[in-house]
Amino acid sequence: MREGTPRRKAGPGAVLPGGRETRPVSSRDRDENAGFRARRGLGRAGVYLAVWIGIVIMIVPFVWMISTSLKSPIEILSFPPTWIPTGHYLEVTEDQWIEVYVVSRDEAAGTVTVQPVESVDEPAGVPAAEGEMTVDESRVDDRIRLRFRNYVEAWNQAPFARYYFNTIFVTLFVVAGVLVTSSLAAYAFARMKFWGRDNIFVLFLSMMMVPQPVYIVPSYIILVKLGMIDTYQALIVPWIAHIFSIFLLRQHFKTIPNDLYDAAIIDGCSRFGFLWRVMLPLSKAVLVAVVIFTIVGTWNSFLWPLVMTNTPEVRPLQVGLARFSQEQGTNHELMMAAAAFSIAPLIVAYFFAQKQIIQSLATSGMKS
Amino acid sequence: MTWLDRLKRKKAMDPVTAALYLVPAGVIVVVFRMVPIASAFILSFFDVKMGRIRGFVGLAQYGRLFQDPTFWSSLGTTSYYVLGVVPISLFLSLFIAVLLNQKLKGLGFYRTVYFLPVVTSLVAVSMVWKWIFHPRLGLLNYFLSLLGGGSLQWLEEPRGIFEMMAGGLGWSWWPDGLAGPSLALVAVIVVSIWRGMGYNIVIFLAGLQNIPDQYYEAARIDGANNRQVFWKVTWPLLSPTTFYVLLSTTIVSFQVFTQIYLMTGPPVGGPMGTTKVIVYYLFEKGFDAGGNMGYASAVALILFMIILSLTLLQRRIVERRVYY
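First to last, the protein sequences are chains C and X. Quick note: the first sequence, position 347, residue 347 per the working numbering, numbers continuous. Quick note: the second sequence, position 205, residue 205 per the working numbering, numbers continuous.
Pulled out of the complex, with its shape left as it was, chain X reads as follows (with noise of 0.2 angstroms):
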């Protein structure tokens, strides 16, 4: 056999070997994604008990979940969480991410400072944060005696943020469907940022250092402040890392899980049920009451939906306006 058969052998098309180098991956991207990704979708029109498939209920489990009130609220919780959490992390670390892009001193030391909650565990994260939220010993209080403020219920504190803004004014009266977020569920959207923050802002730097020192002489040569440099070079030119940036913050947000579980209750999305998000409503009803995970598979498919459609839209807003 000559070097050249040797070669036109070995890239030929050859299915067989092509399959053994995929099998490992390929089995389990099948049976632990593929196959439950599909049966979510299955398991939403069946009766699910523990585990054990009971019958084909066709819509119904859909027709429940809509007339649950709890539902409904989990769905709002988590949309304040996520208006909460994406605008003022985007615009944190876009504001720092700039800072530092200044050719400061010391950067490497900043950016590992600001990434460090990145790699430490939410577990351990929601735990220090409980214990710096808690009502008479925490720290968040004691910084608010120093300032001369009283001390707030923080995660035991049900009342909406804007209701209790309006009750700071002097105002008796202000309508329920206002009372906005919780105390309690602004207090984790707190947590939130300030564990995520250092992510966006590498990821914000590395953009910024993507863009050409060049257009900056220009822009001031051409005699512009910094204002005009930051809306006229900086935020045009960033525009597809603040897209990603928004995107990936605005889906993980949507599946928060661990910092509700961990900082509210107990019973978990206390108070009143005020930081009951939609992933924890789904645990509830799939793991802990009951099993009951036809419903749980549901409520899963609702929250793909939303994600998904969210994704889209964003997509199509957003493409219009980002530069490329």
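Bound-form chain C, shown alone (with noise of 0.2 angstroms):
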């Protein structure tokens, strides 16, 4: 999955496969080619508007998302929906204006009835029946009004930051562990020779094929017996042997020339200095692939951790958010701020390094 790949120009001239040549350009073809590219630049037209038609179906969720994060609870309710979170506020005196929200709008009569919100500072909520008043139109106006307050609310009403800090936790642990045992078994994979090896290998890539929910429920149970069920090491060790990291490693590590290996235990050293020293310095590109789609898939496993945690002290950040969902129920623009804080992290990460990103999560799905 390089990309990139130099691709080879037939200019004129140039000789095709099986020996043929390409026409010289005369004078006739540019002609013909001229109408050619007409007909194209109208079908260029249809191919820019067929992929933007698609890069906004893309990207509307998350516009979507983030517009109702920054709402007030009454204007999510609000229908035909605002894209831009919007206030109203209604002049009491002169430049004297109080946040209302407005409960309907007459149109013909040019009236609004509004209630005032209470306090700015007060938790979300419909305000007191008693406030409603009609006043002329002119006298509201509307505000770009941005709710940043729903995303301290969503962070409280669930224990987030420990959420968060369990994600990371585990996370780090398991890209720590996966570079490691990655790295040796790689190695030994690729350069030693025993008994059995390439039948081994073969054997883990086999596992490698078997989809989890086949293993869940006696992973469950073995779990259950090293007691290892609502722990960090349940959400760890399982994962910090990583097949798929094996494999593409020995790959790499063996494309890396015998005479290297010779010449440095003839220069003294020791097979574990040679991973440290030649090896691995020699396999930063594949060692960042295997970092990324480490991060990745740790941040946003979902069954596994659903099922081998029960408490908020060890669950982490997709099943913690998975429950705040289930339990809101209609609260959305705290949903969605906590969905927003919730893939923050990786998609900021995203945008500073996403030619890696994708091509590290492109390799990583590559295994058959």
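Be a bit skeptical, because a hint or two may be false.
[What the hints assert, rightly or not] Derived DEER-like restraints, expressed as beta-carbon distance ranges:
{"no.": "1", "chain 1": "C", "residue 1": "N258", "chain 2": "X", "residue 2": "G290", "range": "56 to 62 angstroms"}
{"no.": "2", "chain 1": "X", "residue 1": "P212", "chain 2": "C", "residue 2": "S78", "range": "51 to 57 angstroms"}
{"no.": "3", "chain 1": "C", "residue 1": "G196", "chain 2": "X", "residue 2": "M272", "range": "50 to 56 angstroms"}
{"no.": "4", "chain 1": "X", "residue 1": "N210", "chain 2": "C", "residue 2": "A263", "range": "33 to 39 angstroms"}
{"no.": "5", "chain 1": "C", "residue 1": "M208", "chain 2": "X", "residue 2": "I306", "range": "14 to 20 angstroms"}
{"no.": "6", "chain 1": "X", "residue 1": "G290", "chain 2": "C", "residue 2": "T311", "range": "20 to 26 angstroms"}
{"no.": "7", "chain 1": "C", "residue 1": "T311", "chain 2": "X", "residue 2": "R64", "range": "31 to 37 angstroms"}
{"no.": "8", "chain 1": "C", "residue 1": "F79", "chain 2": "X", "residue 2": "P158", "range": "55 to 61 angstroms"}
{"no.": "9", "chain 1": "X", "residue 1": "G63", "chain 2": "C", "residue 2": "F79", "range": "49 to 55 angstroms"}
{"no.": "10", "chain 1": "C", "residue 1": "T113", "chain 2": "X", "residue 2": "G148", "range": "27 to 33 angstroms"}
{"no.": "11", "chain 1": "C", "residue 1": "T113", "chain 2": "X", "residue 2": "M272", "range": "27 to 33 angstroms"}
[To be verified] Restricting the straight-line Cα-Cα distance to at most 35 angstroms, the calculated cross-link-like pairs of lysine-lysine (DSBU-like) are:
{"no.": "12", "chain 1": "X", "residue 1": "K103", "chain 2": "X", "residue 2": "K232"}
{"no.": "13", "chain 1": "X", "residue 1": "K49", "chain 2": "C", "residue 2": "K284"}
{"no.": "14", "chain 1": "C", "residue 1": "K355", "chain 2": "C", "residue 2": "K284"}
{"no.": "15", "chain 1": "C", "residue 1": "K254", "chain 2": "C", "residue 2": "K284"}
{"no.": "16", "chain 1": "C", "residue 1": "K284", "chain 2": "X", "residue 2": "K232"}
{"no.": "17", "chain 1": "X", "residue 1": "K232", "chain 2": "C", "residue 2": "K355"}
{"no.": "18", "chain 1": "X", "residue 1": "K105", "chain 2": "C", "residue 2": "K284"}
{"no.": "19", "chain 1": "X", "residue 1": "K49", "chain 2": "C", "residue 2": "K355"}
{"no.": "20", "chain 1": "C", "residue 1": "K355", "chain 2": "C", "residue 2": "K254"}
{"no.": "21", "chain 1": "C", "residue 1": "K225", "chain 2": "X", "residue 2": "K49"}
In short, the hints are calculated from the structure, not lab data. The beta carbon of each residue, even a glycine, is placed where N, CA and C say it ideally should be.
The task is to assemble the complex, starting from two chains supplied on their own in separate frames and drawing on the hints.
Structure follows, in structure tokens:
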């Protein structure tokens, strides 16, 4: 999955496979091409249109998530929905504005029925009905009002700080573990001779083909027997060996010439020293790929931690978010805020290193 | 000791050293992969409740499983899901990839955006889409109203889409067996396609860029039009990539869980059980209702058999047509 593979250009006069030669471009050809290009120009607009429709479909859910996360609970209920969160303000006296909720609008009479929002600091909720008043439309002004408070509120309604910590903690350990165990095992598979090496390797690879739901029940029982259920170990230990990483590293280690190994050994380098000082520094690109897909995989994993944890002390972010979503029910603005701050770290990282991340995740899928 | 001795010694077979290097990964793989996979097979013949083995029951659990209508309907639902996701996702991502491969300006940007959902957690994605599908306040019904359509119940609609279409045409009667996947399941299918497309696009793009330009130019010189170029050059040369995407999308689709768990219900699998897929059925049996883990293992084994045989079948059928 290398990008930027050099594209072989076959210009005029180039020899095509089969020994045929392309004709040099004559002036007649150019004229024909002009008409062709005009038609293609129209096609090109269509191409851009199709691509952009797709782009909009990809982006809209994210925009909608952010937009919702910044609205007031009242604005959520407005249909048709607003894209830019808007607050309504009523002019009480000259240059004195208070925020109000719009209860209803009477287009014909030009009046608006509003309720004052008691206090900006008060928790979200529908204000008392007695505040309702009908005023002239001109006294109400709409301004963009982004309710960042939703994020604080969502954060505080569930132990998200703990969930965040758990996910980061688990991810760090899994990444470190995968790096250590995979490098060692890949080194053994690539460089050492021992009985049954290739059979063991094939056996490892075949394990990779078995989908997680198939072995999750026995895994649960094993973790119960080991006393690991509802501990960090349940989320870390089973995942610190990653077969695909071993495979990737082994393939890469095999490309490093044997002469290098011989030379290093003659110079008095130990086996481990060769791995540490020569092999790993030469495998930086592969190691980065391993780190990336391990982070993304651990951060986003759901079924495993859902089954293996049941207290907030060890519960990772995704499971916490799912619980929050099921508990909240109708507070869509809080749910969207929680969704937004849960995906934020990976999205930010993605924008800084999208090329590496795309490449790493595309590789991680290429199992078969 | 001369350098030659040292070299000989280091190159000789050394099972002990090799074992030391293999132990850390090996122990984990054996304890948390091999043993569980083997036990899934064995456990399906035992009565296991809440993690305790109560006794050998032979094939009794398979017997009960095959008599459970919920099991069959969950298989049906999963098939609908796979048949919905795989072809559409394949078609759309190939379509977009071919468009993006025409040396568009800003390819990097387009690719980044299409890939964005892949990096986003499925939990968050499901929450956002559930809100988009909201029957009263959702964005999708708003768009429908802009287009002059009526609002739909989306995730709360148990009726099959073919039945609904027939209803839309004014037919009052439609055979039950042909109702098709519920609109709720279709909504989940849409989300899965949206989320997985970027990945397939990236794979297709890589495949397309591996096709040498000469073939295209040769075809053009021979007077081939766009359609001919696609079917005679791109499609056959891309077939290994297409085959890979087909296989991996199918395998992943069979294991759908998170979207169902977060978007449907309550209770999960609703409305009227029309979105209860096989992995959720497994989860429910094994971890929710009384923890009948032997039974869940039987389900797991059936799932494994299905995925395995589909993989082999696809390999068989497609292999002959794949141009290498």
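Consistency of the hints with the structure:
no., hint, verdict
1, C:N258 to X:G290: 56 to 62 angstroms, "58 angstroms, holds"
2, X:P212 to C:S78: 51 to 57 angstroms, "56 angstroms, holds"
3, C:G196 to X:M272: 50 to 56 angstroms, "53 angstroms, holds"
4, X:N210 to C:A263: 33 to 39 angstroms, "35 angstroms, holds"
5, C:M208 to X:I306: 14 to 20 angstroms, "18 angstroms, holds"
6, X:G290 to C:T311: 20 to 26 angstroms, "21 angstroms, holds"
7, C:T311 to X:R64: 31 to 37 angstroms, "33 angstroms, holds"
8, C:F79 to X:P158: 55 to 61 angstroms, "24 angstroms, violated"
9, X:G63 to C:F79: 49 to 55 angstroms, "52 angstroms, holds"
10, C:T113 to X:G148: 27 to 33 angstroms, "30 angstroms, holds"
11, C:T113 to X:M272: 27 to 33 angstroms, "41 angstroms, violated"
12, X:K103 to X:K232, "20 angstroms, holds"
13, X:K49 to C:K284, "47 angstroms, violated"
14, C:K355 to C:K284, "16 angstroms, holds"
15, C:K254 to C:K284, "15 angstroms, holds"
16, C:K284 to X:K232, "40 angstroms, violated"
17, X:K232 to C:K355, "32 angstroms, holds"
18, X:K105 to C:K284, "31 angstroms, holds"
19, X:K49 to C:K355, "48 angstroms, violated"
20, C:K355 to C:K254, "25 angstroms, holds"
21, C:K225 to X:K49, "14 angstroms, holds"
Of the hints listed earlier, those the structure fails to meet are numbers 8, 11, 13, 16, 19, in rising order.
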